[in-house]
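Student: Sequence:
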Amino acid sequence: MQSVRQTVLFESEEAWRAGAEQNATAITVHARGGEVVQTRRTWAAAGGPRVRVTWSGGRTVSEVSPQLAAGLSVYVEGGAHVSRDFVQARGQAVFHSAQLELDAVRAWWPRELAVQPEALRWAECAYDIELGRQVRVDEYCALRAGETVALTAAAGGTDEAKVETGVFYPEISDGADVSLSGFRCTWLRDGSGRTDTCQKTLLMYKPAHVHMPEPAVGIELVQPVTLHPVIEVDLSSVSASGPACAHHVFLQLPAQLFVDKFQQPPELLFGEDDLELPEYKVEAWGSEVIYALEPGRVNRVQLHSRYARPGPGRRYEVVPLRPYVFEACDTGSADIAENPFYSKGMGFEAYFTADTVFKHRNSTRLNIPVPRGNSNDFPSIQYVTVLSILFSVLYISYCLFRRPVAASARASG
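Note that the working numbering numbers the sequence shown so that position 216 is 216, with each residue one more than the last.
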C-alpha cells in the first residue's frame, strides 16, 4: 500500500497566512514564488541492494530538503554487482551524469511498482529516491509566483492510500535548530475525498544541511582557460564557525577532466585518476574529489583536461561543472542524522561523520571549454603534413648533394 505525505514550506508567517486555504476536500496554496513542496511517496518492496538516486538542477537546500548534487547521481551501497560505468568509493559505488539517463534509474527500479521512473516530473522537480526493502520517493518542487496548487486525497492514487498534508513556515531557522509552525491534515480513506482531521503542528529538529549565503563566497574560472583549468574559491571574508569546522569543495568531475593527486593532493579522490589516458579510454564516468579549503584567502583548485576524440565541427566541448563549497562541522549530536523530512545516507555525506552539519556556501555552475579536434580538418592537415614532409626531404637532399659540389669547386680553383 502506498502512503503519501505532502509538505508545503512558506518563507514566512505572513506568506503562510495569506497563501494557504483549507476546506473539507482540499488545501489550496497561492504561491508568491519560492515556496517548496515536498511530496514523499512510500511503498513496500521485495528487497534488493540499497540504492539512492538523486536528481537536481542546482541549489536545493532548505529547511525541508538536503543539498543534492546537480545532475543525476546513483549510489549503490557496498558497491557490488555494478557496471564499469560506476566509480568505487568509500562504502558505495557511484554513477553520475550531468544529463538525465533514465536507463541508469530503471536498472535498479522495482518492476512491480505501479509508478515507474517515466512518470516522475524530472523536468520540473528535484528527487531524492531510496530503493531497497522499501521504496521512498521524495519530490521537491519550487512554486512560481502566481501559481495555485490544490492538495487533495487524489495524491494517493487509490482510496486505500494513506495521505497526509502539512503546510508550514519557519518560526526558527538559525542554522542550529529549525522550528516549523503550521497545520497538517489527514484524509479519509473511503473514497469521499474529504479531510479526516486537521490540527496545529509544531515541528522541531536539528538540520543536517543549512544554506549560508553570507558572507559571500565567489567561485570563478581563471581566464584564459587552457588545457589546465583553474578554479578560484574566494574565502577572503570567511572564517571558520568553530574549532570542529572546516571548509571543503566537492567536485564530480566528468571523464573530460581530472586532478593530479601528486601535484595537488586532495583529501579524498575516488574514480579515474590516470594522468595519461585520453577521454575515450576512460571506462567510468569520471571521479569524485574533495579538497580542503583555507578560510581567509583565495583558494585555487588545479584541473586538467584529457585528450578528446576528434569530432566533426566543434573545436571545443563545453563541460558543465558545479563545485560545491561548504563548511562541515562535527556537532557530537546524534539528532543530526535524520529529521522528519530527510535522512543522511549515501552521497558525499557518507565521506563525513554521521553528526556532521553541512553549511552550504556556494555552488556556482561553471562552463569549462575543453579542446576537441575537428575531424573536418583532417584532409587539410594531411595535405599540409605531406607537403611539409616532401619539402623537408627535398631540402635535406639539396643540402647533402650541394656540399660536395661546392667543395670540389673550391679545390679546382
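Please note: incorrect hints may appear among the correct ones.
[As the list claims (entries may be wrong)] Calculated lysine to aspartate or glutamate pairs in the EDC-like style (CA-CA distance at most 16 Å, straight line): (1) Lys344 / Glu77; (2) Lys206 / Asp174; (3) Lys261 / Glu276; (4) Lys206 / Glu77.
[Unchecked claim] Here are the in silico distance ranges between beta carbons for each label pair: (5) Asp174 / Gly33: 41 to 49 Å; (6) Gly78 / Ala46: 15 to 23 Å; (7) His228 / Ser173: 25 to 33 Å.
Because the hints were derived from the structure by calculation, they are not lab data. Don't be surprised by glycine CBs; every beta carbon is placed ideally from N, CA and C.
Student: Each of the hints needs a verdict: does it hold here or not?
Tutor: Here's how the hints hold up against the structure:
1. Lys344 / Glu77: 13 Å, holds
2. Lys206 / Asp174: 10 Å, holds
3. Lys261 / Glu276: Since the Cα atoms of lysine 261 and glutamate 276 sit roughly 13 Å apart, the hinted pair holds (cutoff 16 Å).
4. Lys206 / Glu77: 26 Å, violated
5. Asp174 / Gly33: 41 to 49 Å: 24 Å, violated
6. Gly78 / Ala46: 15 to 23 Å: 18 Å, holds
7. His228 / Ser173: 25 to 33 Å: 41 Å, violated
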